[in-house]
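Undergrad: Model the placement of chain C on the given structure of chain E, informed by the hints.
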Amino acid sequence: MSKNITFVQGNEACALGAMYAGLDFYAGYPITPSTEIAETLALTMPAAGKKFIQMEDEISSMCAIIGASLTGNKVMTATSGPGFSLMQEALGYAVMAEIPCVVANVQRGGPSTGNPTHVSQGDVNQARWGTHGDHSIVALSASNHQDVFRMTVEAFNIAETYRTPVILLFDEVIGHMREKLIIPQEEEIPRVARLRTSLKEGVNYHPYLPREDGRLPMSDFGDVHRFNVTGLYHDMWGFPTDKPDVVQELLRHQVDKIENNVHKMTFYKSYFLEDASVVLISYGSSARSALSVVKQRRNRGESIGLLELNTIWPFPAELVRECTQNAELVAVVEMNVGQLTQSVKLAVGSSKRVHLINRVDGQMINDKDIKKILRILQGRGI
Amino acid sequence: MDVKYYLRERFFPHMWCAGCGHGIVLNSLVRAVDLLGLKKRDIVMVSGIGCSSRISGYVDFHSLHTLHGRALAFATGVKLSKPSLNVIVPMGDGDALAIGGNHFIHAARRNINITALVMNNRTYGMTGGQFSPLSGVGTKATTAPYSNIDREFDTVELATGAGATFVARTTVYHVKQLQSLIKKAISHDGFSVLEVLSQCPTYFGRKNRKGSAVDMLNSFKDGTVPVGSKKKQENPELIERGIFVEKQLPEYCDAYAELVERATAK
Numbered sequence: 001m002s003k004n005i006t007f008v009q010g011n012e013a014c015a016l017g018a019m020y021a022g023l024d025f026y027a028g029y030p031i032t033p034s035t036e037i038a039e040t041l042a043l044t045m046p047a048a049g050k051k052f053i054q055m056e057d058e059i060s061s062m063c064a065i066i067g068a069s070l071t072g073n074k075v076m077t078a079t080s081g082p083g084f085s086l087m088q089e090a091l092g093y094a095v096m097a098e099i100p101c102v103v104a105n106v107q108r109g110g111p112s113t114g115n116p117t118h119v120s121q122g123d124v125n126q127a128r129w130g131t132h133g134d135h136s137i138v139a140l141s142a143s144n145h146q147d148v149f150r151m152t153v154e155a156f157n158i159a160e161t162y163r164t165p166v167i168l169l170f171d172e173v174i175g176h177m178r179e180k181l182i183i184p185q186e187e188e189i190p191r192v193a194r195l196r197t198s199l200k201e202g203v204n205y206h207p208y209l210p211r212e213d214g215r216l217p218m219s220d221f222g223d224v225h226r227f228n229v230t231g232l233y234h235d236m237w238g239f240p241t242d243k244p245d246v247v248q249e250l251l252r253h254q255v256d257k258i259e260n261n262v263h264k265m266t267f268y269k270s271y272f273l274e275d276a277s278v279v280l281i282s283y284g285s286s287a288r289s290a291l292s293v294v295k296q297r298r299n300r301g302e303s304i305g306l307l308e309l310n311t312i313w314p315f316p317a318e319l320v321r322e323c324t325q326n327a328e329l330v331a332v333v334e335m336n337v338g339q340l341t342q343s344v345k346l347a348v349g350s351s352k353r354v355h356l357i358n359r360v361d362g363q364m365i366n367d368k369d370i371k372k373i374l375r376i377l378q379g380r381g382i
Numbered sequence: 001m002d003v004k005y006y007l008r009e010r011f012f013p014h015m016w017c018a019g020c021g022h023g024i025v026l027n028s029l030v031r032a033v034d035l036l037g038l039k040k041r042d043i044v045m046v047s048g049i050g051c052s053s054r055i056s057g058y059v060d061f062h063s064l065h066t067l068h069g070r071a072l073a074f075a076t077g078v079k080l081s082k083p084s085l086n087v088i089v090p091m092g093d094g095d096a097l098a099i100g101g102n103h104f105i106h107a108a109r110r111n112i113n114i115t116a117l118v119m120n121n122r123t124y125g126m127t128g129g130q131f132s133p134l135s136g137v138g139t140k141a142t143t144a145p146y147s148n149i150d151r152e153f154d155t156v157e158l159a160t161g162a163g164a165t166f167v168a169r170t171t172v173y174h175v176k177q178l179q180s181l182i183k184k185a186i187s188h189d190g191f192s193v194l195e196v197l198s199q200c201p202t203y204f205g206r207k208n209r210k211g212s213a214v215d216m217l218n219s220f221k222d223g224t225v226p227v228g229s230k231k232k233q234e235n236p237e238l239i240e241r242g243i244f245v246e247k248q249l250p251e252y253c254d255a256y257a258e259l260v261e262r263a264t265a266k
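Residue numbers (the numbering used here), protein chains in the order written: chain E, 1 to 382; chain C, 1 to 266.
Here chain E stands alone, though its shape is the one from the complex:
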């Protein structure tokens, strides 16, 4: 058997994906159900000469990775519910200062301490709007360990390409479940390196002046270019400003660099959608159950399909619209009170066709749960 075939937890797959992506610096704080990401990295990173630090809380963990990103490193932290709440202010700092970083949130039941060892997908909208102020954000998800690995690498790629924080929105089932993972070959998944300025010493470097393609080449702290980084609205030098035109231009730049590139960062999987009159939409571990239902019903000749979203934010509205335009029934399968359902309704346009199939008791939604509600939605009785 190839040594590239492993049998691991989703949290380990995430850690291995991060190492593959070129993770240099990790800071974190223990919290269930994400802790195995830190534990795996505490073992592997020092052995690879990389930096791992356990901080005093999640706030400082998020801050530390931003500091480390500025010296030229690929950085990451991982957490769950309450820790994700604590990270929100610094997450907004990374948005404002345009610092590449990756934040894994292995979701558990909330609010508050909630249901720490049980599954939930209740942080979908916190990922989108958790930090204060107008902004856009990237959040990726996965339903199996091969995709956990892949999406983790893509998270680093998007973070570097767009100079933005990227959230990995996993859940407890994915984090703790064990299954096969084939570690990709060295060059199998492309890896985006940090884009650095080619400007020499003595030439004015503007850290916040986008190139024609919208990208902002960086310069490491410690290198020849010295500049200011701030969470205040700032000009192209990084100096604070409240000039209305500069403020608006920066806000637009930060939102547009994400929203105008939705298609470039949309990852998804479609199953039997070509002729589907019933379309299920799901993500994370609930997509496994949704796929099981789709396969069972397809075997019985029903025209049902599944759209699994790996990219949750920016919401791929166009993709959802295309995949559902011929569907009589659209059902979003998620383990919350309908957080992504709202976005699906907006995308589909006709909210009467869109329904929620959920479970919010800390237990994973299974195929029977989905089939039960589907029967009702299809008027087949209970």
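Residues on chain C that point at chain E, a partial pick, calculated with CB under 10 Å:
hint	residue
1	F11
2	L72
3	V78
4	S84
Just so you know, the hints here were simulated from the structure itself, not pulled from any lab data. Don't be surprised by glycine CBs; every beta carbon is placed ideally from N, CA and C.
TA: Quick look at chain C alone, frame taken from chain E:
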């Protein structure tokens, strides 16, 4: 020396009030850096939020102006990821010891080679004169109109108790000592804390009838004595200046480098 060589003139005029003590810290800081012969590109100033935190923008080093209270957390990421950098963290009393108190004690505990400058004016100046954990019982503030009942921290004792390996205090009146202590704090291999008493005539001074900026500076002269002075034994109200702790213990980045050696030797 040419002070302007170290300043970003584009950033001036500064936003501090007339009579504020923070400019004296800025002046002493660049003079200390000049005397140490440090290169501008080897220094990172990391600050949080508040009047004192604006110091990082005025200097021509790498500068990281962050979140309220979190400067030391950002600085820890900068330092551990690139230990060759000199990391200096100017903070206010509220920034360092109220909202940032947890990061302060843990940076001290790790003994990571960062220089923390606590510019203590006993108030939140930027938000308009609220009491801080260093204001003390009996002081007046906009949020303590009936006089403050919150006991104050002693920055030196707190830093010492948390494990900082260099702990010192001075005031903006004692500029020569300030310059010398900043030099020593930066040179120290480990977590160093320098508390600098600085005046805020606009808020703390006005609320507590401390007179003009000159009056407040004079009170630093009259109200402080060198460490170990006999006068302190006779008058416990006096505040001691000088070095309280200076010791060598394993520094965090060095310890990490050793950890990597152990991990890679397996």
